[in-house]
Each structure stands twice: as C-alpha cells, then as structure tokens.
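Q: Each chain, letter by letter, is given below.
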Amino acid sequence: MQATPPPRPHALLYEESLQEARYAESVGIDSLWISEHHLWFDGYCPAPLTTAAHMLGATNTLVVGTSILLLPLHEPQDLAARVNELTSLSNGRFLLGVGAGYRREEFTAFGIDRSARGKLMDSHLEVLRGALGPKVEMWVGGTGTKAIKRAARFNAGLLLPPPVPVEDLAGKIGIYRSHGGQQVGVMRDVWVADDADQAAAQCRPWIRYAHSQYASMEGLKDVGDVQRFVSRAEACSILGNADAVTESLLPIAALRPDLLLFRIRWVDQPTDLVRRCIELIASIVSPRLQNVAA
Amino acid sequence: MIVAFVLPHRTTLGGIVDAAETAVNRGAEALVIAEAPLGRWASAPQAAAFLATRVNVPVGVALDGRARHPLHLGADISILQRMLPKSPFFIINGVDAQDLDPLKKALETVTPPQLPFASSIWILSEGRDATRAIASRGFMPLSKGPDANDETRAIWIDTEDLSALWDLEHSFPLCVLSTHSSDDVHLAPADLTRLKYRTEACDRWLEIEDSGGAR
Chain R
0 MQATPPPRPH ALLYEESLQE ARYAESVGID SLWISEHHLW FDGYCPAPLT
50 TAAHMLGATN TLVVGTSILL LPLHEPQDLA ARVNELTSLS NGRFLLGVGA
100 GYRREEFTAF GIDRSARGKL MDSHLEVLRG ALGPKVEMWV GGTGTKAIKR
150 AARFNAGLLL PPPVPVEDLA GKIGIYRSHG GQQVGVMRDV WVADDADQAA
200 AQCRPWIRYA HSQYASMEGL KDVGDVQRFV SRAEACSILG NADAVTESLL
250 PIAALRPDLL LFRIRWVDQP TDLVRRCIEL IASIVSPRLQ NVAA
Chain P
0 MIVAFVLPHR TTLGGIVDAA ETAVNRGAEA LVIAEAPLGR WASAPQAAAF
50 LATRVNVPVG VALDGRARHP LHLGADISIL QRMLPKSPFF IINGVDAQDL
100 DPLKKALETV TPPQLPFASS IWILSEGRDA TRAIASRGFM PLSKGPDAND
150 ETRAIWIDTE DLSALWDLEH SFPLCVLSTH SSDDVHLAPA DLTRLKYRTE
200 ACDRWLEIED SGGAR
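Read top to bottom, the protein sequences are chains R and P. Numbered according to numbering that gives the first Met the number 0, the first sequence spans residues 0 to 293. Numbered according to numbering that gives the first Met the number 0, the second sequence spans residues 0 to 214.
Warning: the hint list may mix true and false statements.
Said to hold, decoys possible - In silico DMTMM-like links for lysine to aspartate or glutamate, alpha-carbon gap of 25 Å or less:
1. R:118 <-> R:74
2. P:104 <-> R:166
3. P:85 <-> R:104
4. P:85 <-> R:196
5. R:148 <-> R:125
6. P:195 <-> P:146
7. P:103 <-> R:77
8. R:145 <-> R:194
9. P:103 <-> R:125
10. R:134 <-> R:24
11. P:85 <-> R:14
12. R:220 <-> R:194
13. P:104 <-> R:24
14. P:103 <-> R:267
15. P:143 <-> P:28
No wet-lab data here; the hints were simulated from the structure.
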C-alpha cells in the first residue's frame, strides 16, 4: 500500500477543517459538503448535521450541505425538525443532500433491512416533503435510474457522485431532466497543485487509499474486484495543475451542471496543501469554468 | 463548581448569540442547550456546534435520550468531543436503567479510542438506585433539584427552586440552572456567589458568613 499521511488527533483534524471552511469562504468558494458513515475504524464523520452546524456557525456566507446523509438510517420527522432549525439558524445556508446508503454493517447496526432502503427513501422523502420548511433545498444522490427518477419525482436536485465516467454523465442527466428534474450537481475527485507532477505524486496514494476503503465499505473482498474498483475511481479523478484540471473539467462544465462539487479531502492531508488546492480552484479553475457555463 | 445556564430557544443567529451573551453577563460560566423536555431545541448538538464558534465559554448539551437511536446519540457526542474539545459535559435525559448498557455500548463503539467519554457524560435520573446504576457504568449521575442524593455528581435546578439547594449537604462540580418558563436564566448576585462557593459543603459558606463576608 502507498504511504498516506499518518492519522492525527481528531480535535486537530476538525479544527483544521473549520479553518479550511473559513479560508474557502474567504477566497470565494460557494459551498462545502459533508458526508456520513458510521462505525468506520478511522472515525469517519457519523454526524453530518452537527458537523455542518459547526461549519455554518464559523462562517457567514458559505453554504454547507450534506453529500450525502444516509436517509434510511434517520427518523424523517426528527430529521426535518433538525434541518428546519439549522436552516433557520444559518439563514438558509444549509442544503440537505440525502442518499440510500449501501454499507451492510451500517444497516445491521441500526437494525434496518438494507434491502428496504429504496422503499425507505421513498417513504422518508414523502415525510420530508411535508415537514421541511420552504427554505430548505433538498438534493438526492445516486447513479442508478431509480435514484435519478426518485430525485426528479421529489423535486430534489440530483447529485451524481464520482466515479461516474464522463461519457455516462450526459445520459444520466438526460433521464433526470426528462422526468422534470431541475438541478444537477456533479462531484469529482479533484486535486490541484502548482505543478502537475507534484499533484499526481501527492494525490494518487491518497485517492487509491481512500477508494480501497470505499471498496471495503462496498463489501468487496476479492483483490481483483478491489483493484478494479480503485482503478475505475482513479481513472475518473482529475489531478494536475490548474490548467490541466480546468481542461479536464471542461466536458463536464459543458453539460451545464448547477453544481460542481470537488472532493479534495480523502485522508489526513496536510492543511497547507489543502488550502493551496482551494486557492487554485477559486482563483483559476472556477472562473474559467464559469465562462464555459455562461 | 461550574455554573451553567440553560439557554432559551432562539431561531436566528442574532437571537442565539444575544441569549448567550446575556447569560454570560449574568454570570454563566458555561451554557447548556437542551432538547425536549428540558428545553425546546430540536437538536442540542447542532445548536451547540453552531454557537460554540461565536462564544468564549464552554457549551454543553442536554440530549433527549429517547429521541434518537443510541448510535446517532453517540455519533453526536463523539463529533462534539472532536469539534469542541473544551466542552465539558453531555447530559442525557430519558435514559432508563435498561437503556444504560446499550447506550454505553453504542458510545464505546462510536468514540475514537483516544477520546474519553464516560466521565464527561452526565445522565439525569431520579432516586439513589438510578444514580448508583449510572455511576456503576462509569457515567456521571445528574439529579434534579431536591432529588439529589449522596450518589449525585451534578445538579439541575430551576432558579425558582433554588432554596432547595441550600438545604442539601452535598457539593457538586456542575450546577445547571434553568427556569420553569424555559426563558432566560436570571439569578440574584448573592445567589450566584453562594452557588459558586459550594465547592465544598455548606461549612465553607458558613465560615465566610461568620467572618463578615470577606472572600
């Protein structure tokens, strides 16, 4: 396995993340997104709403969303009350992104039948539709046709996670829009550094490590399956200097998504490198992509 | 003793910050954000995480132990421990004796190994048997006002019932003040001073009074 940065104390990691959120806001990044998993050995964030609240409290204009919150594991009325309260406190800066989840151990731990997650998504979204306040913007994550149609049916934005190959994105967006879907978000694993070789040297081990963990979460055990999973994810990742990353994102920008989410944190990366990546995205990559979308 | 004020429910940033500043100006050394039935917040962890970036005192939470799955309860506590390392306490209300072991197991499961948890988790209970059961699991027993007994390690009391506190012989490292109306806590300066001197038993307070009030 390639070397990754050693794990650091959680208090330090979360403090750095808070400062990165403030920094991102200061350089003009629009939003920050937080995901959810439970019972992972490294303490993967199990409470995205509380974490989002911390980021919202520390900032003034940054939008914070969940990408994604594992909806079947939550009680929807309670979730709606929490989201309404957070939306009010943050003056509308919170976006609720939800998904069905996939990791068997999480469903087992919560005593929920994993095979019922599709039905639970439908029933919970129905409750949320009635209980969420008018200022709450909802997004649904997924790549399968059912998830895509579900997002449209519930008038939610569609979040397409990595690693959906670029050539497949247009088809999925087309399904969504043909069913009345209004807002599309596309997420990519992205890393920008001053030097292209430096970017690759820094980031490849992190991405391989992170996706090998995701492969484990998916339940993959066969080494060949894990390697194929990681290779597919790596092929969809976009690493390089600002020029190269912008060039690689142009085909996605041409699809005119409403949101482009860059996943830039996979492990305990040094915060100075994360900040530099954020700065390059804000100052070079994003403005050039905005011109494409205009 | 830490004297913590329960924060009234507010729905805006300005409102919650104002309420916090009012409480601190009135002598609060820490704040508690409470879910039903002790307060009116939909999510104490969220509000605490939100507010803690804007105030300079510790912000604790009082959670409804019945509102969510123990893994979600533990997740919120675990995240708060990481984000608010100086937050001294997590209060859980509504945990019956049969819930203690599943709760402890959930917390042990979700808490990163390097973070302690049991000694910073206070569980609200009634009666000596309940407080013993709580203490035996490594949690800290919290009692409401007159229910305090020799197993109690912290007390939750409404300012209208404060007179009951003076009759107690025990001292507590944590005192949480609330109001029956769930509104701003307001304590007379003399009462606040008296509370803060209860780090030992009543004797010390009596010594101070006998000496003519010199401190």
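Q: All hints are to be evaluated individually against the structure, with a verdict given for each.
A: Hints, verified against the model:
Pair hint residue 118 (chain R) plus residue 74 (chain R) holds up; C-alpha atoms about 14 Å apart against a cutoff of 25 Å. Under the criterion of a C-alpha separation no larger than 25 Å, the hint pairing residue 104 (chain P) with residue 166 (chain R) is inconsistent with the structure, at around 46 Å. Of the pairs offered as hints, the one joining residue 85 (chain P) and residue 104 (chain R) is violated, with about 32 Å between alpha carbons and a cut-off of 25 Å exceeded. Straight-line distance between C-alpha atoms of residue 85 (chain P) and residue 196 (chain R) comes to about 41 Å, which puts the hinted pair past the 25 Å bound.
Between residue 148 (chain R) and residue 125 (chain R) the alpha-carbon distance is near 14 Å, which keeps this suggested pair within the 25 Å criterion. For the hint pairing residue 195 (chain P) with residue 146 (chain P), the CA-to-CA distance comes to about 20 Å; that is within 25 Å, so the pair holds. At roughly 23 Å between alpha-carbon atoms, residue 103 (chain P) and residue 77 (chain R) fall within 25 Å of each other, so this suggested pair holds. Only pairs whose Cα atoms come within 25 Å are accepted, and residue 145 (chain R) paired with residue 194 (chain R) is rejected, the gap being roughly 41 Å.
Pair hint residue 103 (chain P) plus residue 125 (chain R) does not hold up; C-alpha atoms about 34 Å apart against a cutoff of 25 Å. Taken as a hint, the residue 134 (chain R) and residue 24 (chain R) pair is honoured in the structure, with Cα atoms around 21 Å apart against an allowance of 25 Å. Only pairs whose Cα atoms come within 25 Å are accepted, and residue 85 (chain P) paired with residue 14 (chain R) is accepted, the gap being roughly 12 Å. At most 25 Å may separate the alpha-carbon atoms for a hinted pair to count; residue 220 (chain R) and residue 194 (chain R) exceed this at roughly 36 Å.
Annotation: proposed proximity of residue 104 (chain P) to residue 24 (chain R) is violated, straight-line Cα distance about 39 Å (limit 25 Å). A threshold of 25 Å between alpha carbons decides the hint, and for residue 103 (chain P) with residue 267 (chain R) the separation of about 29 Å lies outside it, so the pair is violated. For the suggested pair residue 143 (chain P) and residue 28 (chain P), the alpha carbons sit about 19 Å apart, so the restraint of at most 25 Å is met.
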